[in-house]
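Visitor: Since chain L is already given, all that's left is putting chain W on it; use the hints.
Below, each chain spelled out in residue letters.
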Amino acid sequence: MNYAVIIPMFIFLLIIFAIGYWSSTKLSASSNFINDYFLGSRELGGFVLAMTMVATYGSASSFLGGPGTAYTMGFGWVLLAMTQVVTGYFVLMILGKKFAIMARRYEAVTMIDFLKARYNSTWVVILSALSIIIFLFSAMAAQWIGGARLVESLTGLPYNTALFIFAVSVLVYVTIGGFRAVAVTDAVQGAVMFIGTLILLIAVIIAGGGISNIMADLINENPNLVTPYGADGNLSAAYVSSFWILVGVGVVGLPQITVRAMSYKSSRSMHRALIIGTIVTGFIMLNMHLIGVFARPILPGIDIGDKVIPMIALETLPPWAAGIVLAAPMAAIMSTVDSLLILVSSSIVKDVYLNYIKPDADLKAIKRLSFGVTAALGIIVFLFALDPPDLLIFLNLFAFGGLEAAFIWPVVLGLYWKWGNKYGAIASMVTGIGSYVFLHLYNEANGNLFGVHTVTLPVLLSLVAFIVFSLLIGRGAYDYNVRAAK
Amino acid sequence: MKETDWRFKIANREALIGLGLALFNFVWWFAFAYGMGSRPVEEYSYVFGLPDWFFWSCVVGFLVIVVLVIVIVKFFFVEVPFDEEGDDR
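Residue numbers (this note's numbering), protein chains in the order written: chain L, 1 to 486; chain W, 1 to 89.
Only chain W is shown next, with the shape it has when bound in the complex:
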């Protein structure tokens, strides 16, 4: 029997990273939206005209995720070949 395909270790690690990123995404989104958004409307401040909870949760949250995806892909994801070795295709 062959040993476990070396590429699977990489694939498993990257799937776990994806799961972690989604969790982080959720916590950021939820914490700012409901943490800041539950205050009475009179206490909201506005960033670029948008309500502060929304700005932090959805606008900054989105940008943070984009930066994280770029960093993760560039520095943590490994390029592997997909075709079987010694295969004809």
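Looking at chain L on its own, in the form it has when it is part of the complex:
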């Protein structure tokens, strides 16, 4: 084992635990447990808000998979990755103040609370809760596996032990600290990601003998690597542009991001978060993917994309610095997993149990249940990740694009279009997920329809479904000024 690498990561874990503990002390002093545990009492400031959005969004794929693909594809993939800059401002600007105001008016703690109050429909709630629980549970398991593989490759521990360490670390601080622990640890994790990528980029440029030198090596090997069209010239403009929907504007529909847009304290924190979020997202994405491309001449012939970043870090940095840098992908995975865990838990406790099973549960029971469900979920994910079933891997494929297609219009149009109603929302969700699954299977068999990413058509179809059904059935204007009946 390489102790010089492990010690910085260990210190990082200790800091995370300390935050979890600190959050749990604030939690026990709180008067409104549900609001506090699942939303941090809506008191996030600008910096924490920005960081938790970036860190939740930036996952294993931004730190391992994405740079690994950039390594094989060249600058075309960095161009693709830069479509994510838009997420830094788009979500908060679009949902913006209207969402913050409505969420408070509805006393919404989860995204589903918002949908429930806006559409006043049991079906909307059940459909959304089911899709969140099923898809995000799978997504969580997939990230969990990624985290364990990373620990495995860095420490040389066997996969099961690595998974255990990873699972326990996340479970402890999320369970005891709730949303506040998730958000504040995200801020620390985001900072680690920011600094880690900067150190590694500089180290890689130095190891490659300067950018001009690296560029000459790339052109020597394959001139396509410096074009926008990918190593084989088959990255089309249409395909790359369709990522504007998948990883750009469509992110508005992701529940784990949306819930953050109702968690901030004031307009001032939102304004700060817009600026910080844009800078941090762009900076991390640009650096990480450039590192992937620049690594190619330095360490040629890496076959497994996910190994590019760990290998290049160990190659170009002294072990202790590599430990700090590699805490970044670890942080990215943890910060995604923790947000998903608290979100799935909130769907079960708040959206299902308190809405339909036992609305009059007393505080003590709710507390026990919230801790219990969060911990139980974590343990179930752990057991699944030990030997992931194929179904889980399959469901995970739809977790991102499928949820975007399902939720983007019910949330955005529910907020700004008064004619939107429950029939539109249900039709939109069913169409979004249904057409996503169908198109995914079609594209796998026949190549991408119209040469764009799978997400494109379902997002358009679910828009059409939302508008058509809202206007056809039960048409009526919604009055945003009325307080929701509790």
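Hints in this document: simulated from the structure, not taken from any laboratory.
In this text, all values refer to a predicted model and were calculated from it rather than measured experimentally.
Cβ coordinates follow ideal geometry from the N, Cα and C atoms, glycine included.
A portion of the hints provided could be inaccurate.
Said to hold, decoys possible - Keeping only pairs whose Cα atoms sit at most 25 Å apart, straight-line, the calculated SDA-like set for lysine to any residue is: (1) L:Lys265 - W:Val47; (2) W:Lys9 - L:Gly46; (3) L:Lys418 - W:Arg7; (4) L:Lys307 - L:Lys364; (5) L:Lys98 - L:Arg272.
As the list claims (entries may be wrong) - Stretches of chain L that chain W covers, calculated by requiring three or more beta carbons in the stretch to come under 8 Å of a beta carbon on chain W: (6) 9-19; (7) 75-88; (8) 133-143; (9) 148-155; (10) 188-194.
Guide: Frame of chain L; chain W shown alone:
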């Protein structure tokens, strides 16, 4: 019936600004990437060692967006209270 909440007008305007900014972002990104990047590789020039299309599309594009976000937030976004007036929380 109450009149439309004054804050909604501000919120709607800011959402439209966000949409406009994203559109501008896309056009800038696309125009430089595929406008300049479609030339044969031999004709590329290099800025700070990076291919010119990439430098303009992704590096400068990113910086321009950051500046625009700062300007928009500082000069066009209005601070509004989120809690209901006369509400107890």
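Visitor: A separate judgement is required for each hint: does it hold in the structure or not?
Guide: Verification of the hints:
| no. | hint | verdict |
| --- | --- | --- |
| 1 | L:Lys265 - W:Val47 | 42 Å, violated |
| 2 | W:Lys9 - L:Gly46 | 23 Å, holds |
| 3 | L:Lys418 - W:Arg7 | 16 Å, holds |
| 4 | L:Lys307 - L:Lys364 | 46 Å, violated |
| 5 | L:Lys98 - L:Arg272 | 17 Å, holds |
| 6 | 9-19 | violated (count 0) |
| 7 | 75-88 | holds (count 8) |
| 8 | 133-143 | violated (count 0) |
| 9 | 148-155 | violated (count 0) |
| 10 | 188-194 | violated (count 0) |
Hints 1, 4, 6, 8, 9, 10, counting from the list given before, are not met by this structure.
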